[in-house]
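Peer 1: Throw the hints in and build the complete structure from the sequences for me.
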Amino acid sequence: MTTTRTAAGTRTAADRSESGVLGRVEAARRRRPKLRDTHITSAHGAGGKATATLVDAVFLEELRNPLLEPLEDAAVFSADGTRLALTTDSFVVTPLFFPGGDIGDLAVNGTVNDLAVAGACPLHLACAVILEEGLAVDDLRRIVASMARAATDAGVSIVTGDTKVVQRGRADGCYVTTTGVGLVPADVHLGAARARPGDTVLVTGPIGDHGITVLLARGELDISADVTSDTASLAGLTSRLLTAVGAPADGPGVRAMRDATRGGVATILNEVATAAGVGVIVDEDAVPVRPTVRGACELLGLDPLYVACEGRMVVVVAAEATEAALAALRSHPLGVDAAVIGRIADDPPGMVLLNTAFGGTRIVDLLVGDPLPRIC
Amino acid sequence: MRFVDEYRDAGTARALSARIAGLCEPGRAYAFMEVCGGHTHTIYKHGLEDHLPPAVSLVHGPGCPVCVIPMGRVDDAMHIARQDGVIMTSFGDMMRVPGSHGSFFDANAEGTDIRMVYSPLDSLKIARANPDRRVVFMAIGFETTTPSTALTVRRAAAEGLRNFSVFCNHITIVPALRAILDSPDVRIDGFVGPGHVSTVIGCRPYDFIPRDYGRPLVVSGFEPLDILQSIHQLLRQLRDGRCEVENQYTRVVAAAGNPVALAVIDEVLEPRPDFEWRGLGRIPWSAMRVRERYAAFDAERIFAPPGARVEDPKACQCGEVLTGVIKPWECKVFGTGCTPETPIGACMVSPEGACAAYYNFGRARHRATGPAKELSRS
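As you go down the protein sequences, you meet chains A and B in turn. If you use numbering that gives the first Met the number 0, the first sequence corresponds to residues 0 to 375, in order. If you use numbering that gives the first Met the number 0, the second sequence corresponds to residues 0 to 377, in order.
Be careful, since some hints might not be right.
[Unchecked claim] These stretches of chain A come out as covered by chain B in the derived footprint (C-beta under 8 Å, 3 or more residues):
(1) 132 to 139
(2) 354 to 364
[Unchecked claim] Below are the BS3-like pairs computed for lysine-lysine, each with C-alpha atoms no more than 27 Å apart in a straight line:
(3) B:K331 <-> B:K44
(4) B:K44 <-> B:K326
(5) A:K33 <-> B:K331
(6) B:K326 <-> B:K313
(7) B:K313 <-> B:K331
(8) A:K33 <-> B:K313
Simulated from the structure, these hints should not be mistaken for lab results. Note that beta-carbon positions come from the ideal geometry of N, C-alpha and C, so glycine has one too.
Peer 2: Structural data, given as structure tokens:
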């Protein structure tokens, strides 16, 4: 890419050309982001570019260490010869109860899934709740019962916790934080940076169910649709997948797994592209989306690729292991609709491209803030 | 999806694009302006330009209402939002538009109560639920969204709500089109006309374009095949030596528009003698304000904002982008100083804005490594 300037500082013709400009744009994108904001806004929690910038510029800046730096869903480390995975997550969903789940099972499944996609067998969880004055005790009972059921289903136990109460108006009913620990088999090596050109990209089922369910459950839109959250523990699914194809340090197998929560599948694909310095090419018509979710997204001007899931994951697998991986996923109730949605390429590095169903090509970038409905 | 998928069929698109290529005269280039931001979004989201021959280029017009709101109006809205007891409401697109001192999102973070709504009627709900607060709806949009604002004001009046008002920034498309056509730099062979606006105003208001300026216009729907078909119709007119207003979007748009919607607009709102557009400057009779009869619901009368006039940032070339004089990537600050995270100009804010659409979706077509390769399907 020609980026030379003349002595007078004027740009050369190559600089001013479209590819010259885009070369500078890509160079700017690859630089570490700078946090220019003076206050936290909702965009910092949306899982897109603002979140990534905040994490990089504030948390990584102060807390940097080799385990934190890859920003995987869980940190994997050895203690006394045993490989452990550790993760934590906070849940602030509104409303607390929605079709298909509630904040309780979400809090358990979310943390279990962060362990599972790190290749770990989840062992125990810790749970902290922040309760707002005025929350009905019956609602809290429902939430905790739901946590208990989800923990049983995932094969984990909640072994320690903490409870705090804040004044009315200072929390949204109930916030839950769960921390989990799991065991990672010695021969499992996963990470977004392991994706290589030629690998295949899969999703384990239809995307966007959770995000659309919660959006509609808020009741602000006067839209009703027959859709329920996909919240579920992925531990059984990841275990079956790893048993079938493995995740060896060298040789074919699973390279990376990520559960697609806030920011949706698009964010995961961008994380893979950035971490491995590869291109991700996705076929739009291969991405499974339920008709009701697609319809709601159409109405609201949202892209299903960015809508949150709570029981789906993106899997990157070596090309030669694709069929076995797909068969293993489809043999599990949570993976029956698993599909190959794309592949890893060497070009363009750090970027996700979508072959649209219409026959065109476009970029799928990280979101800037929350996906905002367009006005017309 | 019924009534959607049939307008996104890749096979039909390929057939149509072959017919489009067949209509292009050898050695001639064609530039068509898609007026509406919704069209810009569709074009990039579906990669529609990949179906166009090199001779046909698309110019992104001024039809994103968020993009043409000047900074001064955002500052005025902020002034209103910061008054005691006020809850400001607006559409999601508006939340990130920069004023001189940040956006609605930034103001929210500083404690100002600004809420995103999906419809002005949601603002009315907020007003009913907060009788001790003063709820203001920041109304933006072309004729597409104007009727719902007018209806909301009428409903508030009928209910006798005393804590609801509208900060009216509704604009009208025809004066903007005339301003573009009067620009000496204009190099446009025809217009892909705004479908949503036309559901309200119909097709006849565009008759001046072929008559006075000799350019054809085809009112177009928003699915990608709608737009391809509209381009085909424009090229056919040029080949046949015709110059007319045609309606591609007949399944939604009636020639006479929607008389009920027009009547409610006329009852509640009236043309404003003067309004500033971002990038286009002052255009007379190009916007609407609340009529005297509904003064009690007019936030400008109630809160008397200062009427701030703020120069666009010097580096920003939104005006030239909006009039099609330059492509988004030709702007001096595109993608480096001005990105969707840190927009300088409003065209980078809304997903309908030409610069944001190009940045978010369109860079793939002409990547730095050269023209986009045919991507093999997995």
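Peer 1: Next, verify each hint and record whether it holds.
Peer 2: Against the structure, the hints:
1. Check result for the segment 132 to 139 of chain A against chain B: violated, 0 residues qualifying (beta carbon to beta carbon below 8 Å, three or more required).
2. For the segment 354 to 364 of chain A, the stated coverage by chain B holds: 10 residues have a C-beta nearer than 8 Å to a C-beta of that chain, and at least 3 were required.
3. Using a Cα cut-off of 27 Å, the hinted pair B:K331 and B:K44 holds, with the two alpha carbons roughly 24 Å apart.
4. This hinted pair checks out: B:K44 and B:K326 have alpha carbons roughly 17 Å apart, not beyond 27 Å.
5. Restraint check: the Cα-Cα separation between A:K33 and B:K331 comes to about 21 Å, which is no more than 27 Å; the hinted pair holds.
6. Taking the CA atoms of B:K326 and B:K313, the gap is near 18 Å; set against the 27 Å cutoff, the hint holds.
7. Taken as a hint, the B:K313 and B:K331 pair is honoured in the structure, with Cα atoms around 10 Å apart against an allowance of 27 Å.
8. Simply put, A:K33 and B:K313 have alpha-carbon atoms about 23 Å apart, close enough for the 27 Å limit, and the pair holds.
Hint check: a violation occurs at hint 1 only; the rest are consistent with the structure.
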